[in-house]
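Fit chain B to the supplied structure of chain A, relying on the hints for placement.
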Amino acid sequence: MTDILVYITSGLGALFVLLAAIGTLRMPDQYLRISVNTKAATLGVGLLLTAAALFFLEMSVTTRVIAVIIFILITAPVGAHLIGRTSYFLGNKLWGKSVIDDLEDKYNKSTHELKGHDNEDEKDEKPKPKA
Amino acid sequence: MNVHDFLYYIILPILSISSLLVFVRFIKGPSIVDRVVALDLLITISIGIIAIYSILSDKPTFLDISLVLALIAFLGTVAFAYYLEKRNKND
Chain A
1 MTDILVYITS
11 GLGALFVLLA
21 AIGTLRMPDQ
31 YLRISVNTKA
41 ATLGVGLLLT
51 AAALFFLEMS
61 VTTRVIAVII
71 FILITAPVGA
81 HLIGRTSYFL
91 GNKLWGKSVI
101 DDLEDKYNKS
111 THELKGHDNE
121 DEKDEKPKPK
131 A
Chain B
1001 MNVHDFLYYI
1011 ILPILSISSL
1021 LVFVRFIKGP
1031 SIVDRVVALD
1041 LLITISIGII
1051 AIYSILSDKP
1061 TFLDISLVLA
1071 LIAFLGTVAF
1081 AYYLEKRNKN
1091 D
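These protein sequences, in sequence, are chains A and B. Using our numbering, you'd call the opening residue of the first sequence number 1 and step up by one each time. Using our numbering, you'd call the opening residue of the second sequence number 1001 and step up by one each time.
One chain only, chain A, in its complex shape:
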């Protein structure tokens, strides 16, 4: 019974990791690559670690696997956000077919601070706090 679960989880995990690798190679834009990396690779590696936990079925191994999975789940979005932010401030262009760029002209180019509003005629409104 646990053998079947090991087959399923390890197969799905390897499939997701392969999809993440293909996406990293084929995506046209840095931001799309970061997106593919974070989601697909996190799910794939989580499934592979789950396969290890299901194979051993010991308390110590399961605790370690859960610790690694939680650590990856916490740190992967933080790292992706940081590297995406850096990539935007370095001036890397979006893909030509991207529809919207929400951050366009909304940050100070020297201090990298986000501004709430850009226009003067909106000054009477309550300004948003700086992010």
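By construction, these hints were calculated from the structure, which means they are not laboratory data. Check each hint, because a few of them may be wrong.
Said to hold, decoys possible - In silico BS3-like links for lysine-lysine, alpha-carbon gap of 30 Å or less: (1) A:106 to A:93; (2) A:93 to B:1086; (3) B:1028 to A:39; (4) A:115 to A:93; (5) B:1028 to A:115; (6) B:1028 to B:1086; (7) A:97 to B:1028; (8) B:1059 to A:93; (9) A:106 to B:1086; (10) A:115 to B:1086; (11) A:97 to A:115.
Please read all numbers here as calculations on a predicted model, not as lab measurements.
The following block gives chain B in isolation, referenced to the frame of chain A:
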């Protein structure tokens, strides 16, 4: 075909091919951000390879190394992001 053969002949080659594909991106990435992202993904794939290898060799102690590698991947990404942005700011 038992679990051992399945992991050895199907799962490990898939993981090897995917790490090879990521390494191609690491070599030819147009900017340094691409290389940082590819390095992060390489370390993440190696965590998966360690998990499978610990099943194959029947030694669950190898899973400790995967925790250390996860920490290294995160710290590397954060450090690269921090200093790349700082370098850009001081210009």
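Hints and how they fare:
1. A:106 to A:93: 16 Å, holds
2. A:93 to B:1086: Measuring from Cα to Cα gives roughly 19 Å; hence the hint holds.
3. B:1028 to A:39: Satisfied, since the Cα-Cα distance of roughly 23 Å is no more than 30 Å.
4. A:115 to A:93: Answer holds: residue 115 of chain A to residue 93 of chain A is near 21 Å, not above 30 Å.
5. B:1028 to A:115: 36 Å, violated
6. B:1028 to B:1086: 24 Å, holds
7. A:97 to B:1028: 23 Å, holds
8. B:1059 to A:93: With a Cα-Cα distance of about 47 Å, the restraint between residue 1059 of chain B and residue 93 of chain A is violated, given a limit of 30 Å.
9. A:106 to B:1086: 19 Å, holds
10. A:115 to B:1086: 20 Å, holds
11. A:97 to A:115: Since the Cα atoms of residue 97 of chain A and residue 115 of chain A sit roughly 26 Å apart, the hinted pair holds (cutoff 30 Å).
When each numbered hint is compared with the structure, violations occur for hints 5 and 8.
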